[in-house]
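Colleague: Each chain, written out:
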Amino acid sequence: MIHSLFLINSSGDIFLEKHWKSVVSRSVCDYFFEAQERATEAENVPPVIPTPHHYLLSVYRHKIFFVAVIQTEVPPLFVIEFLHRVVDTFQDYFGVCSEPVIKDNVVVVYEVLEEMLDNGFPLATESNILKELIKPPTILRTVVNTITGMEKGETHRELPSWVKALNNLLPAFCLIPISGSTITAEIQGVIDACVKLTGMPDLTLSFMNPRLLDDVSFHPCVRFKRWESERILSFIPPDGNFRLLSYHVSAQNLVAIPVYVKHNISFRDSSSLGRFEITVGPKQTMGKTIEGVIVTSQMPKGVLNMSLTPSQGTHTFDPVTKMLSWDVGKINPQKLPSLKGTMSLQAGASKPDENPTINLQFKIQQLAISGLKVNRLDMYGEKYKPFKGIKYMTKAGKFQVRT
Amino acid sequence: MSAAPAYGEDKGGSAGPGEPEYGHDPASGGIFSSDYKRHDDLKEMLDTNKDSLKLEAMKRIVAMIARGKNASDLFPAVVKNVACKNIEVKKLVYVYLVRYAEEQQDLALLSISTFQRGLKDPNQLIRASALRVLSSIRVPIIVPIMMLAIKEAASDMSPYVRKTAAHAIPKLYSLDSDQKDQLIEVIEKLLADKTTLVAGSVVMAFEEVCPERIDLIHKNYRKLCNLLIDVEEWGQVVIISMLTRYARTQFLSPTQNESLLEENPEKAFYGSEEDEAKGPGSEEAATTALPARKPYVMDPDHRLLLRNTKPLLQSRSAAVVMAVAQLYFHLAPKAEVGVIAKALVRLLRSHSEVQYVVLQNVATMSIKRRGMFEPYLKSFYIRSTDPTQIKILKLEVLTNLASETNIPTVLREFQTYIRSMDKDFVAATIQAIGRCATNIGRVRDTCLNGLVQLLSNRDELVVAESVVVIKKLLQMQPAQHGEIIKHLAKLTDSIQVPMARASILWLIGEYCEHVPKIAPDVLRKMAKSFTAEEDIVKLQVINLAAKLYLTNSKQTKLLTQYVLSLAKYDQNYDIRDRARFTRQLIVPSEQGGALSRHAKKLFLAPKPAPVLESSFKDRDHFQLGSLSHLLNAKATGYQELPDWPEEAPDPSVRNVEVPEWTKCSNREKRKEKEKPFYSDSEGESGPTESADSDPESESASDSKSSSESGSGESSSESDKGSHEQSEEEGGKRKMKKRKKVTEAQGDASSSDEGSDSSSSSSESERTSETEEEQVEPASWRKKTDKAGTGSLLAHFHTGPPPPLQLLSPGSGAGRQELLHRVAGEGLAVDYTFSRQPFSGDPHMVSVHIHFSNSSDTPIKGLHVGTPKLPAGISIQEFPEIESLAPGESTTAVMGINFCDSTQAANFQLCTQTRQFYVSIQPPVGELMAPVFMSENEFKKEQGKLTGMSEITEKLTLPDGCRSDHIVVQKVTTVANLGRVPCGASDEYRFAGRTLTSGSLVLLTLDARPTGAAQLTVNSEKMVIGTMLVKDVVQALTQ
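Chains A and B, in that order, are what the protein sequence lines are.
Following this note's numbering, the numbering of the first sequence begins with 1 at its first residue and continues without gaps.
Following this note's numbering, the numbering of the second sequence begins with 1 at its first residue and continues without gaps.
A few of these clues could be false.
[What the hints assert, rightly or not] A partial selection of chain B residues facing chain A, derived with a Cβ cut-off under 7 Å:
id, residue
1, 171
2, 317
3, 351
4, 354
5, 356
6, 357
7, 378
8, 381
9, 383
10, 384
11, 387
12, 389
13, 627
14, 636
15, 901
[To be verified] Using C-beta positions, here's what the derived DEER-type ranges look like:
id, chain 1, residue 1, chain 2, residue 2, range
16, A, 228, B, 913, 32 to 40 Å
17, A, 283, B, 1008, 37 to 45 Å
18, A, 72, B, 649, 27 to 35 Å
Hints were generated in silico from the structure; no laboratory data involved.
None of these values were measured; they are calculated from a predicted model.
Cβ atoms here follow ideal geometry from the backbone N, Cα and C, with glycine treated the same way.
Pulled out of the complex, with its shape left as it was, chain B reads as follows (with noise of 0.2 Å):
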C-alpha cells in the first residue's frame, strides 16, 4: 500500500517536468513511509499565494483521484482554496469537492456559501457551474440549500442554468427522497420550458422521479414531439423512450383492427392521413371516431409523435435510431414498421458492440416481423473476422429470418459456416439448421441428411451437435429414418460427448422397435461401460435398458437386471432412485403389480416432438432496446411499457388553449370567405374541405390529392413555427457560446419549417391557378403564341419592366400566408410576391404584404422590429402603419434582397403592444426578373453556359399540359421568367436573370408531340438551377 502512493506522486511529478524544484520526486520517493506527512509538500504548493504553484499542486492531486489513489487527507487544504480567483484551479478544486465532499462532510460546508455566491453571479456560465457542484456535493445536510437553489435556477433567465437545474432534480431526489413533492412541482415547470436545451434533462428528471406522474406529460406532449428534432441526440433518446410509455397508456392499439387496415390499405392510409392534416389542434377526428370506434382512426397526436420521430432514423447516433426503431415497433401500424428496418441494418456496420446490442432486439423483432427484414437478408451473413458472439446473434437472426423461399441460399450460408474453426459458432450452426428444418417442412430431408454427413466429421464436437439436433428432428418423423438411426447406434463405438451418447440412447431405447436387432447390441456395449460412463449417459442406460425389457424382454431380460444392479450401487444418487423406481416398474413383483401393468404405456407412451424455438421468442414484452430486453432480466428501475387500453382517455387532456381557437376560427373563415380567400383556406385546411367536399373544391381536389399530405402538414406546422422559433430565439442568445453547434441545428429547422410550409401551401396555389386560368384562358396568351416574333416582339423591345408587368399578373404567385389571425391576435398577414421590381433597389425581390384587422380593436404601429437575418440578405422595410381599424384591411410593400437563395427571411413583425416572428420563403422562381433577347443572344448565352450549368431534366406532359399556352403559362408561374421567341413551334425558351447576382437563367422546353418533353435550364446559380427544373417539371407534368 505504501509503495502505490509514492508511484503515484512520481508520475504526477512527471506530468508537469516544468516546475522541477516543486516536482519533489526524489523528496516524495523518500519519505513516502510516513503517511501523514506524504503530501506536505501538496499543502505546502496550496498553501502559497502562487496560483501556478497551486495549479501545479491541483494537476497533481486530480492525477491521483484519477488512478483511484486515495487523496482525502487533502481536503481542507484543498477547500480553501474554493474561492480561488484563478479559473482553472477553481475548476480543480470544484472536480475534488465534488469527488471528496461525501467523506468530510464538515469540512465541505465550508464551500457553501461560496456557490451561493456563485448562484447569483451575473455570468450565467458561473451560475450553472456554482448549481453544478453544489448539487453535487451529497451531503444531506444542504438539502434545503439545494432545494432553494434549484427552484430559483428552475425560473432563471438563462436555459443552461435552467438545464443545469433540471440535472439537479435527480440529484438531490436520490439524497433525499422526501423531496420528491417539492421536486415535482420543479419538474412540471420546467416541462413546460420551450427551449430545446432543457427539454432532454428535464424529461430524465422526470423519468428518475416520477415516471408514474404520466398526466404532467400531457400539456407538454406536442411541444416535446414538435420540440424533438432539435433536441441534443441524449435528450432525445429519453425524450422518444419516455413518449413510447405515454402513447401506449393514451392512444388505442393501431393494430386493433388489422385485418380492415390489411383490406382496404389504401383508404386506411389516407383517412390517417386526413386527420392528422388537422393538426395537433383539432380534436374533431378524435372526438367523432371515439364513439364510432370502428374503423379504427389513429390519434392525430400519435400521427404526430410518428412523424416527427421518423427523420430521427437517420440519425449518426445509434442509440437514437434504436430508440426510434423501439417507438415504431411498439407503437406503429404494422404497415409502417418497416421503415426502420433500413436503419437498423445501417448499425450493423457500426461498432461491435453497437452490432451486438442491435441484433438482439432485430431478432427479437425477425421472430415477429420477418417480413421487414427479408429484403436484408445478406446484410445478416457471418464473416470470418466477426466476434463469436456476434456470429452467434447474426445465425440467430438469419434462422428467424429462413422462409420457404429463401431457405436454399439459408442452408448454403449454413454450410460454409460449418467448415468454420469457430468450434462454438459450428455448434451454433448445427442447432440452427435443426431449426430451420422444424419450421420449414420442405427442407427436413435435406437438413437430416447434412447432419447426418456431418456425423462423419472428424471434429467431435460437431458430430455431438449434430446428433442432438438430428435426435430433436427424428422424434417428428421416426418411422421413415431407421438407417439413420442405425448410423447412430454405430457411432456409440467413437462418440465421446457425453449429450451426443445420452441422446443416441435415448433415440434406440425410444424407436427401439424400428431397429429390433441393434437395441439390445447396443445395450449390450453400454452395460459392459457403463461404470466408466457419465450420469447422464447411465440415466439414458438405464432408460434404454428399462425400454427394451418391455418390448424384447427376452433378450433383454439378463442385461436389464445387470444394469439396475450397476446402478443400484452407483455413487450418484439420482442413477440409485431412477434405478430402484425402473426396477419397480417393469418387473412385476407380487406386490406392486399394479403399477407395472402401465410400465409400458409410462416408459413408452408416444412423445411430442420437441418445439425448436429461439430463445428470443418471448421477449418483446420488454421493450425493446432496454437493458432489461438485452438481458431478458428485469433490470433495476425498468418502466413496464403498458398495454393498450381497451378505451381511449380524453384526447382533450393534451389540448394547449391556442389550437382549440384555430379549429373554429378555421370554420368560421371558410364559411365567411369562401370564394376570395380560395387559396389561402386551401393552404390552411386543403384536405378538411376536401372531405366536406363542397362542389367547387372537387375538381380541385382531384389535382391536389398528390399535394394533400403536404399541404395538410403544413397547417398544423404553421402555427406551431411562430412559437418555436421564438422560444428558439430567446434561448440561443442567451446561449450562443456554448451550444453553437444545435444552434445552427435550429436556425436550420425552424427555416426548413417555414421553407416547408410555405412551399407546399404555394403548390396548392399553383394548381388552383390553373384551373382558373383554364376556365377563362389569358387572352393575351394566346396572341403571344401565334404572333410568335410579331408584334408582341416590338412591345418587348421597350424593356424589362412592361412584359414583366404584362407577364405578371397572371402568374405571380398568390397569397401565402405569413401571420395567421389566431397566432397574430387578430392581425392576419398574407404576402405575394408582386413581381414587379422593387423601386429602392433593383436586387431585392418585392413582396406586397397585406393586413387585415380581424379583432375589435385598432392595431396601432405596424412596423418591422429588427430582423435577424442569414448573412447576406437584407429587408428593406415597409413604412410604418400607424393604425388598422377592425375589419379594415391594407396593403405594404417591402423588399427583401434573398442573395439568390431560397433562405428564408426571418424578422418580427412588430405591433405597439406585440411582436411576432415571421419569416417569408421564397420559391426560387421568384428570385430572378425576366430579361429580353433574341433567339440567337440566347443561343449563344446558352453556348457559354454549359457542362456543369446545364441541367436537363427528361418528362413527359400530360395531355390537358399540351398546348402552347398552358406550358407557357405554366411556366411562367412557377418562375419569374421572360420569353424568348423561338422558330421552331414545339420549343419554348425562357429567360431571366436572378435578382441579386445578375447570373443569367435560361430555360428550355422541347416539346414532341406525342408528349415527351426534355427541359434544359442552364444557369451559373447551379443550386437555383436545380430547383428550378424541379419546380417547373412538377408544376408540368402536374
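Just chain A, same shape as in the assembly (with noise of 0.2 Å):
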C-alpha cells in the first residue's frame, strides 16, 4: 500500500517525509518534478504518475503537493482519499493547512501521520479518535476554535459539559448560462455539524422536505436503513467537527437563480480599444441580501490593460495573467453594483475571437437556496437538554457565466 509520503511545496522543496515501510529515497520525487514542470500549472500535474520502480499519486490542496509513493497495485482513488483525509486531518489539528504551519507542529504531524498508517493501510483515520491518541497544540486549539466559528458563523457557544451546533451549509451550485438562458444548474449541499455532547446521544434529524433530496452520502454514523425507510437521519454523532450529509438537488427542482449579471462585452476590429460593462444584480432572494460577491474574469490574451470604474468596491486586473478581479460586496438592489470601462487592446492585433467567462462568487445568509428545511433534532439516550442550532447558508459553487 502506500510507502512513503512527501510534501512538497510550491517552490519544489520537500519539507516533509514519512516512510511506513523501508526508506525511499527522495530522489524519486525527480519524476514529480519533473511532471510538474512539464504540466506548467500545478492543478494539471497528473495525479498518477508512473516511475520505472514506484508510481506516485499526488493531491495539491493549500498550496503544497501531498505525493505518496507506492510500489504494487492499488485503487488510486484509496490513495488519493487518504490524502485527502490526511489535509482534513490536519485542518482540523491545526486550524489551517499550510506548509508553516506544518513545519511548526512537525512532531505532532509526523506522530499523527505514524498513527493514519501501519505499514502503509490505514489505522485510524477519523479525527476524534486520533486526537484522543495525540493531543492536538492547544493554545492554538483555541485560537483556531473562535476563528472558525467565525469562518462559518457558527452558532456556537461553550456550555458547561456540552456545545451543540448544527451547520447546514448549502453551497456549491453551478452554472453556466449563455446568452440569458442557464445551461446547467444544480445545487450540491452539505450539512456540517458540530456536535459537543457527552455520553452517547442519539440524534434524528427529520427534514421538512426530504424528498427533495436526490443523491446522498452519509458520515458512516448515520443509520442507512432508517433513511430508506423514513427518510429520517438517525446517528451517534462522534465528537466535533464532522460532515454528516452531503446531497444533490437535480436540476428539476431547481429554484431560481438567485443572482444575475448583465454584461456588454464588445472587441471592435478597427480600433484599439474595446468597451467593457458588467452589472450584477439580484434575483429571487426572498429578502436576504447577496454577499460575498467577487467577479473574476480570465480576459484574452490581446487584453493590455483596462481602465474601469466601478460603482462599488474595488477591482485589479493583473496585465501579466490577464486576470480581472472585482471584490463587489454586498448587492444593494436600490444601486445595483456595475463595472464600466475600456480594454486597451494590441496595436494591430486582430479582435481576440475567445470571449472571457465570467466567474461569481456569493454567499447568501439564513437562506437555503434548495428550499431544503430541517424539521427537528431530536436526542435520545441522555436525559439533559442540548442546546440545539442551525444556520442556513447559499453560498455559489462554479457559478459561471460565458459571454
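Two independent chains are provided; combine them into the complex using the hints.
Modeller: Take a look at the structure:
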C-alpha cells in the first residue's frame, strides 16, 4: 500500500517526509518535479505518475503537494482519498493546513501520520479518534476554534458540559448561462455538524421536505436503513466537527438562480479599444442580501490593460495573467453594482475571438436556495437538554457566465 | 551538507522555545563543523533522568527525521529509552526505532525484550502497540519472534490486537517470504474472525500474501458480505475488490443469457428475488438451477454480494463508491448496473484528483454502457476553471455519450469549447468533433462544415488540428468533397504546422483525380520549398509526387524527378530510402519492370477509412478502479480479473453448518403446522410458499407481492442477526475507547437489521390478518359503525381498559419471531404485542413472549440476562421459567418502556447453558394506548396540535377498503388507537396517547365516496406522527 509520503511546497522543496515501510529515497520525487514542469500549472500535474519502480500519487491542496509513493497495485482513489483525509485531519488539528503550520508542528504531524497508517494500510483516520491518541497543540486549538467559528458563522457557544451546533451549508451550485438561458445548474449541499455532547446521544434529524434530496452520501455514523425507510437521519454523532450529509438536488427541482449578470463586452476590429461593462443584480433572494460577491474573469491574451470604474467595491487587473477581479461586496438592490470602462488591446492585432467567461462568487446568509428545511432534531439516550442551533447558507459554487 | 543539519537543529530548537537553556541554538550553530559532536547536547538530554528533557530531545530528533535529516548516529542514545516510563517519550522512541532499526540491526535487538514484555501486558493498547513496533522493525533475525508474536496475537481476546496481528502479517511476509505457509494459517484463522475491526485488515493481508488462495474465502464469504457495511471505509475498499475477483471465479456470468433476460425482464427479476429470499442458507435454488442451466438463475450468494454492497454507493468515501461501482460493472446483470451512474456523477463534484480518476473510469464504462450515463450528460459539461486534464477527460466522456438524439446539444457545447483560451483543450475538442462525425453519420456533414470554418481560424493550432481531422473524415466519402480539398490546398501557403501540411498533401495525392488542376500546382510549390520542410512533410511530398506521376505523368514528370533527386541527397535516411524505393517503382527501368506494372495498385489502392476510436476502448479488461486501469498498463502486483467460469463451481463450499439446517427445518415446520403458524411461516419463507403455491396461500400471495421481496430479505437476515449481534457486542466492549464511531455504526446497523426484519414480517402478517377478517368479520365492529355514538359510547365511558380489550383481540399484531428454533438450539421464541396495559408500569408496552421447546431435552432456567439497552429504554423482565419440557410451550409477559421511540430493545435470553441475543422492535402503532374522548374534545385537542405537529397525507382507498368496518379495522390493526365517535359518516377519528410521555396522538381519516381520502395525524411527537401516517397509509392502500 502506501510506502511513503512527501510534502512538497510550490517552490519544489520537500519539507516533510514520512516512510511507513523501508525508506524510499527522496530522489524519487524528481519524476514528480519533471511532471510538474511539464504541466506548467499546479493543478495540471497528473495525479498519478508512473516511475520505473514506484508510482507517485499526489493531491494538491493549500499550495502543497502531498505525494504518496506506492509500489504495487492499489486502487488510486484509495490513496487519493487517504491523502485528502490527511489534509482534512491537519486542518482539523491546526485550523489551517499550510507549510508554516506544518513546519511548526512537525512532531505532532509526524506522530499523526504514524498513527494514520500501519505498514501503509490505514489504521486510524477519524480525527476524533486521532485526537485521543495525539493531543492537538493546545494554544492553537482555542485560537482555531474562534477563527473557524467566525468563518463559518456557526452558532457556537461554550456551555458547561456540552455544546451543540448544527450548521447547514448549501454551497456549490454551478451553472453556465449563455445568452440569458441557463445551460446547466445544480445544487449541491452539505450539512456540517458540530456536536459536543457528552455520553452516547442518539440523534434524529428530520427534514420538512426530504424528497427534495436526489442523491445523498452519509457520514458512516448515519443509519442507512432508517434513511431508506423513513427519510430520517438517525445517528450517534462523533465529537466535534464532521460532515453529516452531502446531497444533491437535481436540476428539475431547481429554484430560481438568485443572481443575474448583465454584460456587454465588445471588441472592435478597427480600434484598439474595447468596451467592457458588467452589472450584477439580485433575483429572487427572498429578501436576503447577497454578500461577498466577487467577480473574476480571465481576459483574452490580446487585452493589454483595462481602465475601469466600479460603482462600488474594488477591482484589479493583472496585465500578466490577464485576470480581472472585482470585489463587489454586498449587492444593494436599489443601486446595482456595475463595472464599466474600456480595454486597451494590442495595437494591430485583430480582435480576440474568444470571449471571457465571468466567474461569480457570492454568499447568502439564512437562506437555503434548495428550499431544504430541517424539521427537527431530537436527542434520545441522554437526559439533559441539548442546545441546538441551525444556520442556513447558500454559496455559489462554480457559477460561470459565458459571454 | 554540513550547513543543513545546523539549520535543522535551529528549527528544532525554535519549535520548543519553552526551554531556552537547552535549546542550544547558538551552541549547535557553533559546533556544526565537527560532525561527531553535533548531537552531543541531544545525547546529554537523553541521558538525564528528567522526562521533560528527554521529551524535548526526542521531539527535536523526530523533527529531524521528518525533515529527512539523518539522525541515525543517535541510535544508541535513543534505544536506551525504549523502556522509559513516560508514555510521550516512549511513543517518540518507537517512532525513531521503526525508522532506523533497519540500519542498526544489532543495536535494535536491544529493544526487543521490551516489546516482548509489552506483548504480555494486560492493557490491550500496549499489547497492540508492542506488536506494531516489533513487527515494524525490519530485522531478519527476529523473524521467529515475530512469527510467534503474531500467532499469539491472532488469538488475543482483544479485536484491536487481532487487527494489529493482521497488519503484521504482510510486514513479516515482506521480510521473509519463506514464512508464507505459516502465515497463511494465521490468515485463515483471522479470516474466520467475526469482528468488523479485523475483517478489513485480514483481507488486506490475504491480498498481499496469498491472493491466489481463493479457497480460504469460501467459508467466510457470506460473513464478509454481511459484515461489509460495518467495516471501516478502507477495509471496505479492499474487501470489495477482493470479492469482485472471488465472484468472477465462483459464479456464472449474469449476462450470458442477456437476450432471455431482456425478453422477459419482469420474470427474471422476480425469479432472482425469489431464490435470494431463500437466503444464503438454502442451496436449493442453486442446485436445481445448475442442471437446467437455462434460464439463468443468479446464485443467491452472488445476489447477496450485490445487495449488500449497494448501500455503500452512498458512502462519503470516493474510494468505496468507486469500489462498489466497479463491482457492479463487473458483476451485476446489465439491467442493474445503472444504479452506479448517479453515485459516480456525485464524485465528479469532489476534488479534482478524484474527478480525474473517476472520469477515467467513467470513460471506460461509457463506451460499453452508454445508456447508463446519458441522463447525466450535462454533468460532464466543461467549466472554464477545470484543469486541462479534467477538461480532456470530460470531453472524452461527452464524445462517448454522443448519440443520434443528443448530438445537436453536444455539438453546440463543443462550439463553445472551441473558443476557449486553452489551446490543448481546443485541439482535443476538434478531435472529439471528428469522432462524433465518424460515429454518427447524420451529422457528418454538419461537423465537416464546422471544421472547414475553423480552417479560417487565426490560431494555427486550431487550423492544423482541423486539417488532420478533416483528412480523416474526407477519407470516408471523398467524392463529394472536392471543394474542401481545394480549400485545403490553398492552405498550404499559410499553414506551417508540419502535421497539417502533411495531411493536406496526403489528401491531395490520394484524391488527385478530384482536383486535377490544382494538384500539380501544389506539387510545384512544395518542390520549391522542399528543402525547408519537416521530415514528415517531405515524405508526403514524395508520396504526392509519386501519385501524380502515375495519374498525370505528362504534367508532373519533371517535377517528380526533381523532388526525387532532392530527396536522394536528404540528410534523413528515411527520406533517402523512400525516394529510392519510389523511383524504382514508378520510373520503369529495364530490369525492374515487374513491380512497376503494379505501381498504380500499390500507390492508389483504395484505403480503408480510419476508425476514430476512443483510447479507452479496451481498457475494461483491467479491473476498473485499479491503478493498472488508470495507467492502461499492468502495475506490479495487479491481480487479473478472471473470466467468468463456464460451469459454476460447487456452491456448497460456501456453506457453513448452521444454515444448512435452517433449510430442512423450514420445510418440516411448514408441513407440520401449516395453519397455526400461518403468519410465522410467512415471515420465514413467504416467497417460497408462493412458489409452492398451496391453494391457501395463493390468495394471500397476490396481496403480498409488494412486500414479498422485503420479507424474503428478512428471513435471511434475521438468522444472521443474532450471530452478528453477539459478535459486535464482544468486540465493542473491549474496543470502546478507540472505536467510538464505528461502534455507533455497528449498533445502528444491528438494530436496524432487526427493525427491518420485524417490520417487514409484521407487514405480511397484517395482510394475512385482514384476509382472515374478511372471511369472518367481527360482528361487534359492524355494530360500532351503525351505532355511532350509541350504546357503545356508554361502554367506552367506563374507562380506557375495556375498549382497549375490546379492540385488541382483533388488532393485536400477530406473532413475530424472537428466536428461531435453529438458532436457539431447539428453543423457539415468538412475541406478540398484547395491547393490554402492563400491570407493573403504565409506561410499558406489554409483550407476550411465547416459548416452545422443540428439542428433546428440557430447557431450564429461562430468564432475561443483563439487557444492554439504548438509554431511556427499560425492561421489566418476566419471572424466570424454571423448566420447559420437550414439546411444551409456555407464555410469559414482559414490559418494555420504549421511551416513545421505535428503537429496538436488545437483551439476552439466557438458559442455563446458553445466551441468545435477541431484540424486539415495536411497530410505531404499538407505542400508544387508546384514549376515549368526545368529538368536541377531539376537535379542541386537534386545534392545539396544528402546524408542525400536523401531518397530512392524501391517499386513494382501494375498492376493497371503502367499507366502514374495514377501514376501522385496518387502522386499529396498525395502531393501538381508540375510535372517537363522529357525526359525519365518512370521517373516522381515532385517539390515543403515547405510553411513555402520554402525548396525544390524534388520527383523522376523511374518506370521500370516490375513494379519495385524506389522512391527518396530530401529535406532538413528530417522528411518531410521521411513521404512523406512513404505516396507516400503507395498510389502507394495500
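Colleague: Now tell me, hint by hint, if it's right for this structure.
Modeller: So, going through the hints one by one against the coordinates:
no. : hint                       : result
1   : 171                        : holds (5 Å)
2   : 317                        : holds (6 Å)
3   : 351                        : holds (6 Å)
4   : 354                        : holds (6 Å)
5   : 356                        : holds (5 Å)
6   : 357                        : holds (5 Å)
7   : 378                        : holds (4 Å)
8   : 381                        : holds (6 Å)
9   : 383                        : holds (5 Å)
10  : 384                        : holds (4 Å)
11  : 387                        : holds (4 Å)
12  : 389                        : holds (6 Å)
13  : 627                        : holds (5 Å)
14  : 636                        : holds (5 Å)
15  : 901                        : holds (6 Å)
16  : A:228 - B:913: 32 to 40 Å  : holds (38 Å)
17  : A:283 - B:1008: 37 to 45 Å : holds (42 Å)
18  : A:72 - B:649: 27 to 35 Å   : holds (28 Å)
Checked against the numbered hints listed earlier, the structure breaks none of them; every hint is satisfied.
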